[in-house]
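Q: For the protein sequence lines, the chains are A and B, in the order given. For the first sequence, full-length UniProt numbering begins at 1 and goes up steadily by one. For the second sequence, full-length UniProt numbering begins at 1 and goes up steadily by one.
These aren't lab readings, by the way, just hints derived from the structure by calculation. Don't be surprised by glycine CBs; every beta carbon is placed ideally from N, CA and C. Heads up, none of these hints are tricks.
Distance condition first, Cα-Cα at most 20 Å in a straight line; then the derived DMTMM-like pairs of lysine to aspartate or glutamate:
(1) B:Lys198 - A:Glu126
(2) A:Lys203 - A:Asp28
(3) A:Lys172 - A:Glu6
(4) A:Lys8 - A:Glu29
(5) B:Lys198 - A:Glu114
(6) A:Lys203 - A:Glu170
(7) A:Lys92 - B:Glu212
(8) B:Lys198 - A:Glu131
(9) A:Lys149 - B:Glu338
(10) A:Lys92 - B:Asp139
(11) A:Lys157 - A:Glu193
(12) A:Lys92 - B:Glu338
(13) A:Lys172 - A:Asp28
(14) A:Lys245 - A:Glu22
(15) B:Lys92 - B:Asp252
(16) A:Lys149 - B:Glu212
(17) A:Lys72 - B:Asp221
(18) B:Lys198 - A:Glu146
(19) A:Lys72 - B:Glu212
(20) B:Lys198 - A:Glu93
Going by beta-carbon spacing under 7 Å, a handful of chain A positions derived as facing chain B:
(21) Thr77
(22) Arg78
(23) Ala115
(24) Thr116
Computed footprint of chain B on chain A; a stretch qualifies when at least three of its residues, placed anywhere within it, have a C-beta under 8 Å from a C-beta of chain B:
(25) 60-74
(26) 86-93
(27) 108-114
(28) 117-130
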Amino acid sequence: MSTLLETKNVNKKFGGLAAVTELNLRVDEGEIIGLIGPNGAGKTTSFNLITGVYTPTSGSITFAGHDITGMKPHGITRLGVARTFQNIRLFKEMSVLENVLVAQHMRMGTNILEATLRLPSYMKRERHIHERARTLLAEVGLSEHENAKATSLPYGKQRRLEIARALATEPKLLFLDEPAAGMNPQESVELMEFILKIRDQFKLTIVLIEHHMQVVMGVCKRLYVLDYGVTIAHGTPEEIQNNPKVIEAYLGVE
Amino acid sequence: MNMSPVLHDTQRRDRMLTIGAALLGLALLFVFDSMFDPFTMQIFKLCAINIILALSLNLINGFTGLFSLGHAGFMAVGAYTCAILSMSPDQKAANYVLQPIVPWLANVHLPFLPSLLVAGLFAGFIGWILGIVALRLRDDYLAIATLGFSEIIRVLLTNAQTITNGSLGLKGLPRYTTMWWAWGSAIAITIFLVLLIKSSYGRAFKSIRDNEIAAEAMGIDVFGMKVLSFTISSALAGIAGGLLAHYLTTIDPKQFIFLKTFDILLIVVLGGVGSITGSVVAAIVVTVSMEALRFLDGPLNLGFMVTHGIPGLRMVFFSALLMIVVIYRQQGLMGTAEFSWASLSRIGLLPKRSSKEAAR
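Looking at chain B on its own, in the form it has when it is part of the complex:
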């Protein structure tokens, strides 16, 4: 490549900054882990899970331009797969009180990592099957079909008593999702998605989003690419579901109603449809403020009136925020832009390129 040595300097600086930031991040995680009380840690872990969920929804909605609302379904598939595989036979016996679990699952007992991987693969497989059928639709029709699918999953989970324990749910799951598991997965998946989006496949996904007819005319197998993107997105949602199950330690079908999808969609829209940076930042901000604004649900003294606690009032804040974003800043926090060290130096937080370099 005809890179001049000066340009190399900037590249080397950026690489050093990246490594530095990664080390700092790791050190911060370690400090948080030893400093924070368990409750704060829970929120912190939830941030990581929400990052995975937002990124996986963004892959399909933001980068491939398919309006899919089936995420809660894939999370549910992942959560149940991971939970059932990793529970010990004793725990299963204690949980399945109404009807015993089917014999072929009764004695399955896998460690966390394989359970989580199988959860991802299985959710991906379900996503692949749904994709082959539903991706013949587009726009609103696809949204309705995927929304319907996620409700079907929930109904199946409620009624497959001998496999999922029905509406009783599964309780007392081992608390496997430590901070290292949650953030490790989030970081690994973020890196995976950044590499994917920057590759030739990422470009193909984006071309479908930008102009499907032109993408097809440029030799992109549009349907195949859509199915691929949908499958990856579902698999990642499944992994997030698995992490969530062992984070909450109790799951039941009601947790995975379609409103769960909209929570994630909120993050994606606020962060920027088509921006990995936006999703990561918005996932953290929204998760933390969900907790920080909890006081809104309790009794409030507004000076002129006193409320006695209105549950759900904090959601009004997010609704208002979403409306403001949709009206005044449709592109969300980041639009389709991504974080880079160069963008920091553009806004003056890092030294600009050296004068020698600028003279090129």
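Looking at chain A on its own, in the form it has when it is part of the complex:
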């Protein structure tokens, strides 16, 4: 299996604060990788570095053979990296369907003249992305809400809409930032099944941040543990569970 994403000695400093230090992630195709750690450990910052929201202070990031260090987020998304957000970021004034349609804009390859004049070539693509958006919404169980305002959905459904929207960008690599936040145990189990399902169905590689240990241990093949920006452990769920450094980071030491 080939390496899809690799970060080499990535550092990020905000002024005097080292948010991420020497991050060395390696993600192979088809894997589900977990990124865990206490609050403020630099997990979301790591996501932001890889998806282009922040530029690393030093180090390099390679995705599918492309050096994506310092690229703009939309360029990285175009290469096939999608994400969801910890604090949900839906397009709030737009409908559920429109949220998914927007994510396909860059794949339409249309120009503004064609789109405004509604030329047949554009209308064909428009129909195609509508069909695809509806399929994706059916996939996450939001079909009956397609005309609702995105923010009118209950919290759990907003999370699912975020995933549907991310899938609409046709990613190879999907970052999920705390997908199980605020879910009850039953919903978490459903989420695990859902993550495994979309991985197989869309041939995805998934990296997820999660505090919910049941989910993390259930779906992840390997884990990286961050604390104060430093990778303190790396290995299979079993190895991590018994790692004294990890226990120390989470529970403190006497």
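Using the hints provided, position chain B relative to the given structure of chain A.
A: Positioned in the frame of chain A, the structure of chain B alone reads:
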């Protein structure tokens, strides 16, 4: 598409209603044109120009979520471009009395349509350049930068004596802006914007307004889209400026102070930031009431006191109205909603969908 034939009926009805309304509108314009006295016609034409201005400001402020206050500048660019291109060499000689016009412009004399198009293109070009620089800023900073830009334009116009005739302005422009030109442009631009907003590009603009970080993460080239929206908005403001020049027949730099931008902003906020319908309705209402309330500026007998005419009193009305809207109805008249025939049947003005259809 899997549309049932019944749904088609509603669609066909809506299409017939649209065509009917368009024909009625056209007939009304014709009736107004032959019935109204010239003064009323002037107000009527101003409505159309204000519709274009409000829509173009709404594209950038309402749909793309960029707080821009540079509209007066783009109007000025459009107005001067259109005026200089369409004046005859004789008129130019008569206007430029302090210093003659630069030779390369002295003999340019284009008909109205090409002048207006060049005015739009040139204002769009200036908007593009400003956009590339200023759109790196956001929120209040962008507002200040664009406000400053519009003042720079005004100062340039005042001082470029050999091109713009400076503070003397340009007088005696041909009265090209007939009702057909004004309303024709307004209708064409409204249709253009409706199609644009409903297209994939419109969705991209709105996604930037709603959440810039998410838009970028969904593969939208946020900066490019902002520049695009800003350029289109500037070009439309330029066209409105050109129409305004040949409507007033005299222009000078003082007309384009930043207060002009706030007049348009008033319309956009009252109508609803992010609603084309709102902008159109508010443009007409505000323009007409500006005239209708003119009596407030004259001597008033309030019963307990008599004023001797306070110029500008009618603006107090609009200030109060704006405050009421901002406090009690921030979304304005329409919010982000748009007119549709379906919304008319929802509030009971049109028959509801047939029972057969409702049973689907």
